[in-house]
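S.K.: Protein sequence lines correspond, in order, to chains A and B. The numbering of the first sequence is this note's numbering, which starts it at 1124 and goes up by one. The numbering of the second sequence is this note's numbering, which starts it at 302 and goes up by one.
Please keep in mind that the hints were generated in silico from the structure rather than gathered at the bench. Heads up, the beta-carbon is just placed ideally off N, CA and C, and yes, glycines get one too. Do not rely on the hints blindly, as some may be mistaken.
Cβ-Cβ distance ranges computed for the label pairs, FRET-style [claimed, not checked]:
| id | chain 1 | residue 1 | chain 2 | residue 2 | range |
| --- | --- | --- | --- | --- | --- |
| 1 | B | L372 | A | L1337 | 52 to 58 Å |
| 2 | A | P1202 | B | W428 | 52 to 58 Å |
| 3 | B | E414 | A | L1337 | 50 to 56 Å |
| 4 | B | L377 | A | D1127 | 34 to 40 Å |
| 5 | B | L377 | A | L1150 | 35 to 41 Å |
| 6 | B | R502 | A | D1133 | 27 to 33 Å |
| 7 | A | I1125 | B | T511 | 50 to 56 Å |
| 8 | B | W413 | A | S1303 | 50 to 56 Å |
| 9 | B | A499 | A | I1125 | 30 to 36 Å |
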Amino acid sequence: MIWDWQYALDSLPVLASGLKITIEATLLGMALALIAGLILALARRASFTLLSWPAAFIVEFIRSTPLLVQIYFLFYVLPSFGVTMSPLATGILALGVHYAAYCSEVYRAGIESIPRGQWEAAVALNLNRFTTTFRVILPQAIPPVVPALGNYLVAMFKDTPLLSAITVLEMLQQAKILGSETFRYIEPLTLVGAAFLIMSLVAAAGIRTLERKLKPYAAS
Amino acid sequence: MGELVPPLLAGLSVTLKLTLGGSLFGIVAALVAGLSRLSRIAPVRWVATSYVEVFRGTSALVQLFWFYFVLPLFGLSLSATVVAILVLGLNAGAYGAEVVRGAILAVSKSQWEAAISLNLSRRSTMWRIILPQAVPAMLPPAGNLLIELLKNTALVSLITITDLTFSAQILRAETLKTTEIFSLVLLMYFAAAMVIAAMMRLLERWLSRTQGRAVT
């Protein structure tokens, strides 16, 4: 039999320790992406062109270049500027910055779907721009785009194996190490694939539920 | 810095060839899977749906390693380049299948009814009436998928193909000019993506002219 159940079972604890790193990188990376993405989105909408043009260029540039090269860039180039970080921290930073560019477009779509009347009403009430943005516009703009942000969470989760290229011991790297020790790749690699598939399907179902729950907010 | 450019351009040409090969294969996979998902035969739909879910639900890098390391164990030894084009194409095809399906479903139902009243067979209705009208709607998302494919080619450097990213790694080990090399590489990918985006815009304009209506 080509598939060895005993070996598959034995490799589970090692893969589980990799899964922990994978989930950690995803959650921290997403937290960074959500915050940096909002800043980029607001900067791109600013009336001050010295702010909006660089923001637009950064978003387009990050979205048009491979995440793997960005990871290498941060991993190899930052130390030459005196910034030294652990591989995992570098990977989380790269994931966060990459997905911040995608998230900023989602936020922008959300903000642009808010009717002009809301801005005009805020002006009529003599609210300043800051209060208008954070107390009036964003609370209406963000709930409808939560499912879209959730899709990027799943996409980021699927991109964490790239961190294996900079020696982070996430799930794929653990599978490769197991494979190179025993020359049996089929069990660990298949298990990693199955783990990604199951978690992606569960997450997709969760996002669909969220979409239904958030529907009342989308009507505006 | 000038001496860094030729080896990187050699890598870029490999990257562009993989993008081209992957996209040709991906278009076929997307059409086959997209049409199969709309098939009247249930098992065909199931196979197509499983293909789309598996390739969209797992990581592209895991797919690449699986095809590269596991297939030889089944006695199927493929060269790294063939594995790369296969996986890049199958991955893009899974996302493309949804684009194809969505665009076909977006064609007005009355087109089907008109074709039935003209006594056209199901096959010629699909190929002569529905698909030509669905293609314009596929183009904008297909352009995005092409750029995703271009970016995904960087992953093949991890299965030892000397693409742009791998050339950068070799050059870095030789010259240690890390900042210059990786900045150049990022700019080259960016330029390639801009070229793809421009070509897709030209294609959209040409199609909207020949079809006599705007591409939506």
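S.K.: Take the hints in turn and mark each one as holding or not.
M.R.: Right, here's what the structure says about each hint:
1. For B/L372 paired with A/L1337, a C-beta distance near 42 Å fails the hint of 52 to 58 Å.
2. In this structure the supplied range 52 to 58 Å holds for A/P1202 paired with B/W428, their Cβ-Cβ distance being about 57 Å.
3. Here the CB-CB span from B/E414 to A/L1337 is close to 36 Å, at odds with the stated 50 to 56 Å.
4. The hinted window of 34 to 40 Å between B/L377 and A/D1127 is violated, with their beta carbons roughly 19 Å apart.
5. Here the CB-CB span from B/L377 to A/L1150 is close to 38 Å, well matched to the stated 35 to 41 Å.
6. Here the CB-CB span from B/R502 to A/D1133 is close to 54 Å, at odds with the stated 27 to 33 Å.
7. A C-beta distance of roughly 52 Å is found between A/I1125 and B/T511, which places it inside the suggested range of 50 to 56 Å.
8. Checked against the hint of 50 to 56 Å, the C-beta distance between B/W413 and A/S1303 comes to roughly 55 Å, which is consistent with it.
9. Under the hint 30 to 36 Å, the C-beta atoms of B/A499 and A/I1125, about 48 Å apart, miss the expected range.
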